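Chemist: In case you want the letters, here they are:
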Amino acid sequence: MMSKSGRLTLSRVFVIIALLLGAIYSGAPVLWMISSSLKSNTEIFAYPPRLFSDSMSLGAYLAVVTNSEKVRFFVNSYLVALLVTIFTLIVGSLAGYSFSRYQFPLKRPLNMTIIGVQAVPPITLLIPYFSLIVTLRLFNTYAALVLTYMVFTLPYAIIMMTGYFNTLPKALDEAVMMDGGSRFVALWRVLIPISVPGLVSTGIYTFMLAWNEFLFALTLTKTMNMRTVPVGIALLMGQHSYEWNEMMAMSVLGCLPVLLLYLFFQRYFIAGMTAGSVKG
Amino acid sequence: MNRAAPSGVDRDEVAESRPMQRVSKKVAPFAYLSPTLLLMAVLSLLPIGMVLSYSLMDNVIMNKNPVFVGINNYIELLTDDVFQQAIGNTLYFTAMSVIFHLILGLSFAMLLNTSLLGATTKAIFRVVYVLPWVFTATIIAILWRLMLNPNGVINYLIISAGFADRPIEWLSSRQLALHAVTFINIWSGYPFYMVSLLAGLQGIPDELYEAGTIDGANGRQLFRFITLPQLRPIIVSLAMLDFIWTMHQFTLIWMTTGGGPIHVTEMLSTFTYKAAFSSYEFALASASAFIILALCLFVALFYVRQQRASDE
Chain W
0 MMSKSGRLTL SRVFVIIALL LGAIYSGAPV LWMISSSLKS NTEIFAYPPR LFSDSMSLGA
60 YLAVVTNSEK VRFFVNSYLV ALLVTIFTLI VGSLAGYSFS RYQFPLKRPL NMTIIGVQAV
120 PPITLLIPYF SLIVTLRLFN TYAALVLTYM VFTLPYAIIM MTGYFNTLPK ALDEAVMMDG
180 GSRFVALWRV LIPISVPGLV STGIYTFMLA WNEFLFALTL TKTMNMRTVP VGIALLMGQH
240 SYEWNEMMAM SVLGCLPVLL LYLFFQRYFI AGMTAGSVKG
Chain Z
0 MNRAAPSGVD RDEVAESRPM QRVSKKVAPF AYLSPTLLLM AVLSLLPIGM VLSYSLMDNV
60 IMNKNPVFVG INNYIELLTD DVFQQAIGNT LYFTAMSVIF HLILGLSFAM LLNTSLLGAT
120 TKAIFRVVYV LPWVFTATII AILWRLMLNP NGVINYLIIS AGFADRPIEW LSSRQLALHA
180 VTFINIWSGY PFYMVSLLAG LQGIPDELYE AGTIDGANGR QLFRFITLPQ LRPIIVSLAM
240 LDFIWTMHQF TLIWMTTGGG PIHVTEMLST FTYKAAFSSY EFALASASAF IILALCLFVA
300 LFYVRQQRAS DE
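For the protein sequence lines, the chains are W and Z, in the order given.
Each step along the first sequence adds one to the number in numbering that gives the first Met the number 0, with nothing skipped, and position 94 is 93.
Each step along the second sequence adds one to the number in numbering that gives the first Met the number 0, with nothing skipped, and position 10 is 9.
Any given hint could be a false lead.
What the hints assert, rightly or not - A short, non-exhaustive set of chain W residues, derived as facing chain Z with CB atoms under 10 Å: (1) 50; (2) 89; (3) 243.
Unchecked claim - Below, a list of computed lysine-lysine pairs in the DSSO-like style, where the Cα atoms sit at most 30 Å apart: (4) Z:24 / W:106; (5) W:169 / Z:25; (6) W:169 / Z:273; (7) Z:63 / W:221; (8) Z:273 / W:106; (9) Z:273 / Z:63; (10) W:221 / Z:273; (11) W:169 / W:221.
These are computed hints drawn from the structure, not numbers from a lab.
These numbers come from a predicted model, not from an experiment.
Quick reminder that beta carbons are idealized off the backbone N, C-alpha and C, glycines included.
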């Protein structure tokens, strides 16, 4: 019979080993990506492969950030993702306010339809989008991406903001209106400022979705100067004879915004991501 | 308080005495909703109608005057070998992804919820475990193409360990490609489960475990009779959401195998995309796209029912 503290130490060792194995599974590919981005192209397929080599350099990163075509992918991605986030938060807050504060006919069916849109696969909408966007003369523009992305970011934003506004007492709006302010002032000056945590969660989720989008960006833009990071990397993979180190450097730079958002806003991040699944 | 009473009277007067206010009260909710409604009407309801009508015509977009052909496109699809294969592949890919996402997500969440380690240690591991989540699908695809390359690091490790004597063509082998892309998708998707389930685990009251321990339950029994039932609503939600998302996963497949070799990794999404933008068979592609929509809505219906049940 083992003593209680002996058993505790044993289970602690077991947990640490399990955690380390898990960390290898999740972290090793990422480590390999970083290491490859610092190697020269010949070293990447050196035999035997090595995680560290003597001649590691930031050369691949330098090549990416001094190449105007590649920098443009990043500019496009940041611009589109930021625009989508701003518009989604504005339009989503307005809609959330309406669902939270008013009773009106068709409220429930409208709400259900908006939630239902989340289940519509992007590939289903792709073919009509292609003809709609061409007809609207928006093909190969930022507007094409911002508008189509919002179809997928808005439902989530509306659900989140409705839920957030529901937690704020109606007495707040009434207090503003007693002082002679309109409902709009109540929303803009009082509710929005105290809803910052909800807005941050929603904004992070929206930014991530827009940053990662591939299918619409691939189909609704055409010229290299309109391509976003995921599509840009994909197309370069096809064109160049696999400059793996530059691809890996671009990949590291490409995941940086989401990683930083995660590290700085971990609490909001998790709140936002789990809101949909823990309590719909 | 002193101010509240007179203003309260004021407010009632406003509501009853100004007809303008009452009209605006009816219009206001729709005014706030108008941008949403406009966007949803033009970019989600209209396109769904369009894709349905496309799917009932002979080749639209390419043909200036398309003719109504009824369900011919659907019949053509459902009797097409490649389409049938795509359905099978999609179901395998989706089911395996959901099962392993759940197993890994729950295991990692429970490891991270341990009381045996300090908060800092757990925080560090949590960041490492979340890493696959911060990568977009294109990048995940390229990273794994590099590692699964015949001359890549994974083959090197397997050969050095003596499990194989020559490099394995993971992504271009007819036997292995489907399993390989499924494996990659499992790697990229478990953190979402882990994060949600960890939040769920932290929400289970300690008293439940204390009561269970007093009743003489061992670890396995505590897991089976307390942890699992408490997490059940989250697990069901996650699995259904994941099922819908994985069923139309496109990017990862497109960037690793493109559906090849010889359609062994063809999914409904890649089939649809190729039909539209490689073969320009827009009507057939629309029929395929509509079948995917029907499948997703079918699962979504269960999801809504489950949500409603857990709300009550």
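Chemist: Next, verify each hint and record whether it holds.
Modeler: Now the hints, each set against the structure:
{"no.": "1", "hint": "50", "result": "9 Å, holds"}
{"no.": "2", "hint": "89", "result": "8 Å, holds"}
{"no.": "3", "hint": "243", "result": "6 Å, holds"}
{"no.": "4", "hint": "Z:24 / W:106", "result": "14 Å, holds"}
{"no.": "5", "hint": "W:169 / Z:25", "result": "18 Å, holds"}
{"no.": "6", "hint": "W:169 / Z:273", "result": "52 Å, violated"}
{"no.": "7", "hint": "Z:63 / W:221", "result": "23 Å, holds"}
{"no.": "8", "hint": "Z:273 / W:106", "result": "39 Å, violated"}
{"no.": "9", "hint": "Z:273 / Z:63", "result": "21 Å, holds"}
{"no.": "10", "hint": "W:221 / Z:273", "result": "17 Å, holds"}
{"no.": "11", "hint": "W:169 / W:221", "result": "48 Å, violated"}
Consistency note: the structure conflicts with the earlier hints numbered 6, 8 and 11.
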